[in-house]
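> Here are the chains, one letter per residue:
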Amino acid sequence: MTKHQSSRQNNLHIPEPKFRPGQTNDFAHLKIPNVDEAPKPAIDCNPHNIRDLAYGLIRVLDDEGQAGGAWNINITPDILRQGLKDMLLTRLFDDRMQLLHRTGKISFYMKCTGEEAISVAHSLALKNSDMVFPSYRNQGILISRGYPLLDMMCQCLSNSRDNCKGRQLPIMYSWKAGNFFTISGNLATQFSQAVGWAMAEARKGGNRVCTTFVGDGSTAEIDFHSALTFAATFNPPVILNIVNNQWAISSNQVVAGGERTTFAARGIGVGLPSLRVDGNDFLAVYAASKWAADRARAGYGATLIEHFTYRVAPHSTSDDPSAYRPADEDKNWPLGDPLERLKTHLINIDEWSEAQHEQLAEQYTAEIKAEYKQAESYGTLTSGARPDVSSMFEDIFEEITPNRIRQRQELGL
Amino acid sequence: MTKHQSSRQNNLHIPEPKFRPGQTNDFAHLKIPNVDEAPKPAIDCNPHNIRDLAYGLIRVLDDEGQAGGAWNINITPDILRQGLKDMLLTRLFDDRMQLLHRTGKISFYMKCTGEEAISVAHSLALKNSDMVFPSYRNQGILISRGYPLLDMMCQCLSNSRDNCKGRQLPIMYSWKAGNFFTISGNLATQFSQAVGWAMAEARKGGNRVCTTFVGDGSTAEIDFHSALTFAATFNPPVILNIVNNQWAISSNQVVAGGERTTFAARGIGVGLPSLRVDGNDFLAVYAASKWAADRARAGYGATLIEHFTYRVAPHSTSDDPSAYRPADEDKNWPLGDPLERLKTHLINIDEWSEAQHEQLAEQYTAEIKAEYKQAESYGTLTSGARPDVSSMFEDIFEEITPNRIRQRQELGL
Amino acid sequence: MAQMNMLQAILSAQKCMLERDDNVMIFGQDVGYFGGVFRATEGLQAEFGAQRVFDTPISENGIIATAIGMSINGMRPVAEIQFSDYIYPAFDQIASEASRIRYRSGGEYSTNITIRTPCGGGIRGGQTHSQSPEGIFTHISGIKVVMPSNPYDAKGLLISSIESNDPVLFFEPKRLYNGPFYGDPNAPSIGWDTHEKGEVPEGHYSIPLAEAEITRTGEELTIITYGTMVHVVETAVKQTGVDAEIIDLRCLSPIDYDTIINSVNKTGRCLVAHEATKVGGFGAEILSIIQENCFWKLRAPIERVTGWDIPYPHAFEWEYFPVPKRVGKAITRIMEA
Amino acid sequence: MAQMNMLQAILSAQKCMLERDDNVMIFGQDVGYFGGVFRATEGLQAEFGAQRVFDTPISENGIIATAIGMSINGMRPVAEIQFSDYIYPAFDQIASEASRIRYRSGGEYSTNITIRTPCGGGIRGGQTHSQSPEGIFTHISGIKVVMPSNPYDAKGLLISSIESNDPVLFFEPKRLYNGPFYGDPNAPSIGWDTHEKGEVPEGHYSIPLAEAEITRTGEELTIITYGTMVHVVETAVKQTGVDAEIIDLRCLSPIDYDTIINSVNKTGRCLVAHEATKVGGFGAEILSIIQENCFWKLRAPIERVTGWDIPYPHAFEWEYFPVPKRVGKAITRIMEA
Ligand SMILES: Cc1ncc(C[n+]2csc(CCOP(=O)(O)OP(=O)(O)O)c2C)c(N)n1
Ligand SMILES: Cc1ncc(C[n+]2csc(CCOP(=O)(O)OP(=O)(O)O)c2C)c(N)n1
Ligand SMILES: [Mg+2]
Ligand SMILES: [Mg+2]
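Residue numbers (the working numbering), protein chains in the order written: chain A, 1 to 413; chain B, 414 to 826; chain C, 827 to 1163; chain D, 1164 to 1500.
Listed below are several chain B residues computed to face chain C (Cβ distance under 10 Å; list not exhaustive):
1. L425
2. P428
3. R433
4. F521
5. Q581
6. S597
7. N599
8. T602
9. G630
10. I809
11. N816
12. Q820
13. R821
It is worth saying that the hints were derived from the structure and are not from the lab.
Every residue, glycine too, gets a C-beta built ideally from N, C-alpha and C.
Next comes chain A alone, as it looks inside the complex (with noise of 0.2 Å):
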């Protein structure tokens, strides 16, 4: 993972991931650590005790779906069916809306297959009155809290049921009650203001987190570095996750850095805390963040977690990676299917099994199918009902001004 350059020759140095369409990449050069190398500290540790952690790689599940390792909190068997099952729905979602934009009917999608188990595992570590500052590729914490599907399709329709009214591009979810923020499409804004708000939380003294997620790629934003500092600073009661998919649109991880050290070595240099876990394995991910989440309730602060995992999807539906990535790369992916990964788990302890999941899939197919019907029947962005058109004038302000009346005027409503 990490490279020093020793050539000599006086050369811009451009980082290139190491395959490229027609290769194969066997990801030989990865090394991945056994469940049971990594220690779990307490949650009073001092920070600088554990900067290993930022190193190394947070397992629990090994290569045969046994728990294992420090990390191993003994997950009840409800909470990890409730992950599988949170993972399945976000995956068929996924599909289905995907599909939905080959048939026409959506503008715009933004899978987070492979990468199930960080939304979910980390929604159910934590509570569901903890505030989630979100990235784009966080369906999994809504479907985990209980978004209604009809809510999501209706705002990927910007139809007249979308609570977003026809303002945001699809996937754009803003759900108050659920403390899911409003999501951006500016990359990282949020990483910053979470920050904000767990700092209001400790003056209050409350007790709620607050988690916030950014890409790899957009560690490299300025919100990034305005959030670690003012963590630093006032260590509030927040969780900065960084997904680390390997890619960010065409550009692989090694362009934002990720060539010299981790992503989680960010957190070091601040002095935080800081956790590399394998983004894969759901009860890595569910132990990391409620380690995380019990440091920031108990008033110790700020932790900063690299989930490490891969981009299986494209980046969005405008993009096409066989440009760019070899097109088996995510079969070699070594860290494997969270769902897999979580479900054989489950069927090697007894509690779930081969028969239950095809069912459970088949059901949550058919549900998706009810809701989206039903969605259609509020309108899609190109058919049937809208958002009411002279809506768009609102909401600038607390009340609208006078030039923007006249233009709703002007447009003639």
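Based on these hints, arrange chains B, C and D with the ligands on the given structure of chain A.
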């Protein structure tokens, strides 16, 4: 230097310096390592193996003024003497300019008292052909590189000989012939620009090095992050210097995150080799700077250096530090005065004497006085010759535009 | 009523809001223990504690971003940007976030942050301590832009800004902090005790945003201005002897259309004055509004007197500043047209 | 001459400059191996190598800052900002640095960076992939602002921008990348081969910055516009049958005063059209220039047809966009005034 907040009270943590006006700061909390504690790695080392250097303190001169330890690279007495001279001239120049401000001759000034070793030793360790993207407290580099005092004074006076044509506040120097970039009033913007300069140098296969400076407080700015990110990704021949002088106007370095870890650790966050140096130790600064420059020139890329020092002077002529810090804090600063320390060392090794020192001080004082007399003959901000008023409409673009020609005419010029 | 200069009025507004609303939090560079480089928050930390009034790292971006986050958690943050010249690192959080949260969330979320920042020249601050960037922000839908010209308005408008549930950018013309400035840098400085608006109630009061004030009624010419230029224009009017109506906008966004349109419809002549550079400045918008709404009443071209289209040069501060003489010349041109 | 769409023309300009000047370097998010999300740098890395064409971290601030630094070391950087909606994190480096380096250093240093960035709506991009922020930048002294409306101009202006020793912000109306857009989203798309400006020389040529083009001569009304709206206005003119003179500004800063003033002095009527929001937009500056210079020739109020003062709403893209009908109504109003 690192403190873990162990309070379980859910309150916003507001970092505060340990001592305020009326109290005495004995700096008992500072652990000052011995000169033999920091190892000196080879320039082609793997940055990951030298992380400890970011948490220690590279020192060469001990409290008795004896040189020792791995970083003692046996700098020639000639260079040491040159360093002492340049530091002395810098200090005397600062004192004189400060005085001029008191008498109302210049509108603003910023001293670097106590920090002279950083600019001067760094400057002497690099080549004059190396490029500097300075902060506003690097007058020592200008003086060490031989920028005429007359030019500096004329800039400070905004007079008819000011090469910035009266457009900039005093001390915002620009010296292209000396490879010294125009100083910006906007904090930290130069830090990321420097990385770009070095990227171009790498691309050209040149062997010049770029160096840049930022204060402890300014590490919080967005450009600090851009600089580190791009330096980590493209690894160009750049030296990223943080001058941790404990204060940022009235804010102690704890407000910039200095409570939790060192500023050198910021470099660890992105995997850069990072040194933490006794900034009041000329020999240590020189050795660390040379190590970084050698690395850069040999093609090993970027290095970060934290210079640990103390801002003895007020922030600027607009500032009165007695309002926010103990009056005698600088007297208790355990790393001493860089001039005194180097002088003692040179006297110890029989390369200098008190008498020589006194004589040189007198000579410089006279020189400064004479130069100032000449400078005033070119005018001051409020009297005598001024830059050409009509020139204020120029240099927006390479060629003046019609609206600005019209505005110049409107002004009757 | 008490005598206050503009700094005291601004301090008083913040104190008043800290007392009335426990959710008010005040922060920025050097605003805590020290009380701000202009002393606009002096004593507030001592009185209200460091949980509510504190120093931040030197990151304008982080200051605004965390302010937004705090507001989402129920606070009413008042953030200081030390000089408006240094607001640009926070530009994205202002333009893409604060201004759009209410809109993009369909009204679910909103932010109420107030950003205080000193602006304008006349204190020998050079090109990075003298800017008037208000025009840039007026082009952004979703942020209110306020600039008072005297202590009374400053306090009333700042209280309104803090109480507003919308984000507000509150510009403070620093040349007016200690006294009115009538445009002659060589005249002895005078204090706000010489000006009726230096009388400021100690308690709570507010001035609605988006209400301009006619500071002088007149029949021959309308002069629309704000900030420091309100006083400079007053001098020019005295010097030229024209019966001008002077409008102090106070709030640029939203703007008080009625007051300016009614006045120009009455006078038929108009001058717009601001300290900011001309091209693309807010003067262009004012001029356009009048042109669009008062065209048939206009008897002469509207003119703009502004800072030149260059940075504020340290040595040529008073050649740059739109001094009364320049305003007067424009008045004469308009009256003679 | 070759047939090119606007993307091909922009690619061709960059290729041409990479060939002619070894100091040209091209970089930005996804511009290297992949060739840009709009494919505007496709094949350049393969041809010129990764030392000259490469991907950067996702930091608009870092992209512009390092571009400036490279330029100080003799390079001629061409940086892409993926969408102009995302330029704000770089605002400080543009407004405080690129625009001021020449000035503040008394002319010792200067930067020649070119910033390419797609702008405008009409591709269902929602509020963060549709903005037209050019007006904000025209208020900043020291940065040139360019926006072409067709392939021929795009190439010639981009070459001039890269060759310029001043910093240039080069806006590319993304709705025009593949073909002219006449304002009807439901009409079948057509390519640039239907337009005479789709004929583009393969080699080097340049179009001076600050020269507007009269794309249609006329006697009754002057319409001043730029970017996508050039074609939309053309439709409205056809529909209304007015003998309008259409001016495509091409370069907003510096602006071509003579062309617009002469035209309005001739026609006595004027309409300004842009896609950006109205308040404080560049239209206000154009309108002000005309008001100040052509007052006595004006026979009707100048009007602005612009985007509404709101973010670009995803579902109401075409209600937001200044469609030909809105332009036509304004034309009629002006002609009937
Ligand atoms: C400020 C800003 N710059 C650029 C973009 C365009 N953009 C959208 S997603 C993306 C890649 C982000 O990659 P990463 O952070 O790794 O997240 P991932 O998509 O992998 O989850 C880019 C460049 C944007 N939305 N905002
Ligand atoms: C962007 C920006 N924000 C704020 C300021 C005002 N300011 C000037 S110096 C300074 C303190 C800087 O402290 P530090 O970085 O520690 O450097 P030092 O003065 O100690 O050398 C501040 C806040 C500025 N010049 N630019
Ligand atoms: Mg990614
Ligand atoms: Mg400092």
